[in-house]
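Read top to bottom, the protein sequences are chains A and B.
Heads up, the first sequence is in our numbering, so the first residue is 336 and it goes up one at a time.
Heads up, the second sequence is in our numbering, so the first residue is 45 and it goes up one at a time.
The set of hints was computed from the structure by calculation and includes no laboratory data.
Treat the hints with caution; some may be incorrect.
To give a feel for the contact side, a few chain A residues facing chain B, derived at Cβ under 8 Å [stated by the list, open to error]: (1) 338; (2) 339; (3) 342; (4) 346; (5) 417; (6) 425.
The following label-pair restraints were derived from C-beta to C-beta distances [as the list claims (entries may be wrong)]: (7) 513(A) - 222(B): 45 to 55 Å; (8) 429(A) - 59(B): 23 to 33 Å; (9) 513(A) - 58(B): 43 to 53 Å; (10) 429(A) - 82(B): 31 to 41 Å.
If you're wondering where the values come from, they're calculated on a predicted model, not measured in any experiment.
Cβ coordinates follow ideal geometry from the N, Cα and C atoms, glycine included.
Okay, here's what each chain looks like letter by letter:
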Amino acid sequence: MTAVLRAEWTKLRTVRSTSWTVILILALTVGFSLLLASGSSSTPPGAGGDNDIVRDSLVGVYLAQFAVVAFGVLAFTSEYATGLIHVTFAAMPRRGRVLAAKALLVGVTVLVAGLAATAMSFVAGQRVLRDNGYSPPGYPEWTLHEGAAQRAVLGSALLLAAIALLALGIGALLRHSAAAISSLLALLFVPLIFGPLLPERTGDLLQRATPGAGLAVQQTVARDDAIPIAPWTGLGVAFAWAGGALLLAYFLIRRRDA
Amino acid sequence: MTQPIETLHLTKRFGGRTAVDDLSFGVPAGSVTGFVGPNGAGKSTTMRMMVGLARPDGGRALVNGRRYAELRRPLTEAGALLDSSAVHPGRRASDHLLWLARSNGISRRRVEEVLGLVGLTDAGRRRVRGFSLGMRQRLGIAAAMLGDPPVLIFDEPANGLDPDGIVWLRGFFRSLAAEGRAVLVSSHLMSELEGTADRLVVIGRGRLTALTGVAELLASAAGGSVTLRTPRVHDVMRLLAAAGATVTTDGPNVLHVSGLDAARIAGLTAERGLPLHELMPHRATLEQAYMQLTRDSVEFGDGSAW
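Build out the structure end to end from the sequences listed, making use of the hints.
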C-alpha cells in the first residue's frame, strides 16, 4: 500500500493542477467571503438582528466547492481521458488500492487547504463584519475559541473534503469529466436554487437528503433560509454520499475492463 | 515447459462479437515474436488481457506462469507499451517514470537509466505536452523497461516513428531477445517485422491463423523467381521451358524464370554449355509470404464459401 500511496502522491505533486486547486480553494473561500462581508452592514452599529455572521464569514465555501469538484473528478477522469489509466492499472493491478490511495491523498489535500482557507476566512471575515456594524451588543463577538465557530470552520473544511471524495467516486464511476462535473454541480446546487421554490416538505427533504446538507455545519442561527438539518447531521449526509460513491466505485472499478 | 507468455483458450466477447476466439499460443524467451493480423483482428485485446486490463470471458493469459493480476511487482516481470499517448501532457517525462518506479519499488536511479536507454536524457525534464509522437513512443518504451523485466509486450510500437527510429527499434528488439527476454511485438504491417521477428503468431478475426518461424515461412513461400542474363536468350528460354519453367522476357538478354530454382537453372545451362552473365534469385518478401498465408487460410478456413 505504501508503494501505491507514494506513486499516487508523486502523480499528484507533479502536475500543476494540484497547486492551482489549493490556490483556488484559498482564493475563492477567503476572497468571496470577504467580498460579501465588506458589502454588508448593520445600522446602527451594535443593533441586533438575526444574521448568521459565522455563516456569512464562510460563504466563500459555496464557490470553493466548484474547484473541489473539478479536482476530485479529474483525479480519475483525466487518466481515462488520456488512457493513462491503463498504465496505472498495469503497474498497480490491485485497483481498489489505487482508489483508496487517491481518496486518501485528495481528501487530505483538500482538508488541509480547506482548513487554512476557512480559518483565514473566518478570522478576517469577523473583523470586516464587526467594522461594518455587526458588533456587540446586537451581535456578540465570535472567536475561534468558541465551539460553534470551531464547528463551522472545521466542518466547512471537512465538507470540502467530503465533496472532493464524492467527486472522486463519481469521476471513477462515470469516467468522463464533463458528465461527472455536471452531474455533481446539479446534485450540489439544484437543491439550493430550487429547494425554496418547491412545496415546503419536498423542498426540505431535497435539502436534507443531498450533499449540500453539509453546509448546515456552518449555521449558528435558526433562520428561515437555514438548511433544515442539524449541523453535524448535515455533514454526515455529505459524507454518506461520498462513502456511497466510493464504495460503488470500488466494486465497479475492480470488475470493469479498464 | 511453461513459456514466459502463454495464452490458453483465451476468449473475449464484446456484446455479441467475439474479439478473441479460443486463442492459444506461447512466446518463448530469447526471441522476438511478431503478433500479426489486420486491424481489428484482436491483437490489442489479447495484449490487454495479458496485462490484466481486460477480463477474459474464457481461458487464461499467463505471464511467467501466473495471472498478471497476481503479480506483486508486475513491472519487474512484464513491461508493456500499449498506447504511447497514455501520459499526462502536463507532467515531466522523468516524473511520469518516477511515479511508475515508485509504484513498484524501483529506484529513482533507474529512471535516468531508462531515459538514457531510449535517448531521452536531455528531454527528461520537459513536459510531455511538447513531445513528438516518436518521443512519446520512446517514453513508453522507457516505461516498459523500468523494471528490467524478462517479458516485453509492445502494441504497434513503430507507429509514429521516423525511419531512423524504426531502424533503432529493430536493433533494440534484437538486443532484448539476445539478452534472453521474451519479446512480443504486434503489427498490422508485416514489412515492419521483416528482419526483426524470429517467430510469427498470425491471427484473423480473433482466431489463430498460423504459428510459424519466419525462416520456415519464407522458405515455404512460393512465388520465388529468378532473373538471368544471357547472350543466348532463345536457347535458354527453350531449354528452361522444356524443363517445366515459366519464362518471360522484358528486355534484351533478360529472362525471368519461375518454377525452377537458381541451382537447377545453373545446372541445366552448364550441361548445354550456355553462358550466363547474371543469375539472380528473388526471395519472396515476408509481406508476400504473409499474404499468401492469409489468403490460403481464408480459402481453407472458410468452408461455407464452398
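Here is what the structure says about each hint:
Contact between residue 338(A) and chain B, as hinted, is supported at the beta carbon level, the nearest pair being about 5 Å apart and thus within 8 Å. Hint on residue 339(A) holds. Least Cβ distance to chain B is approximately 6 Å, under the 8 Å limit. Contact between residue 342(A) and chain B, as hinted, is supported at the beta carbon level, the nearest pair being about 3 Å apart and thus within 8 Å. For residue 346(A), the interface hint holds, since its Cβ comes within 8 Å of a Cβ in chain B; the closest pair sits about 5 Å apart.
Checking residue 417(A) against chain B by beta carbon gives a least distance of about 6 Å; that is within 8 Å, so the hint holds. Contact between residue 425(A) and chain B, as hinted, is supported at the beta carbon level, the nearest pair being about 5 Å apart and thus within 8 Å. For residue 513(A) and residue 222(B), the hinted distance range of 45 to 55 Å is satisfied, since their beta carbons lie about 49 Å from each other. For the pair residue 429(A) and residue 59(B), the beta carbons lie near 28 Å from each other, so the given range of 23 to 33 Å is met.
Judged by the Cβ atoms, the range 43 to 53 Å given for residue 513(A) and residue 58(B) is violated: they are separated by roughly 25 Å. About 35 Å separates the C-beta atoms of residue 429(A) and residue 82(B), a value consistent with the hinted range of 31 to 41 Å.
Going through the hint list in order, the structure does not satisfy hint 9, though it satisfies all others.
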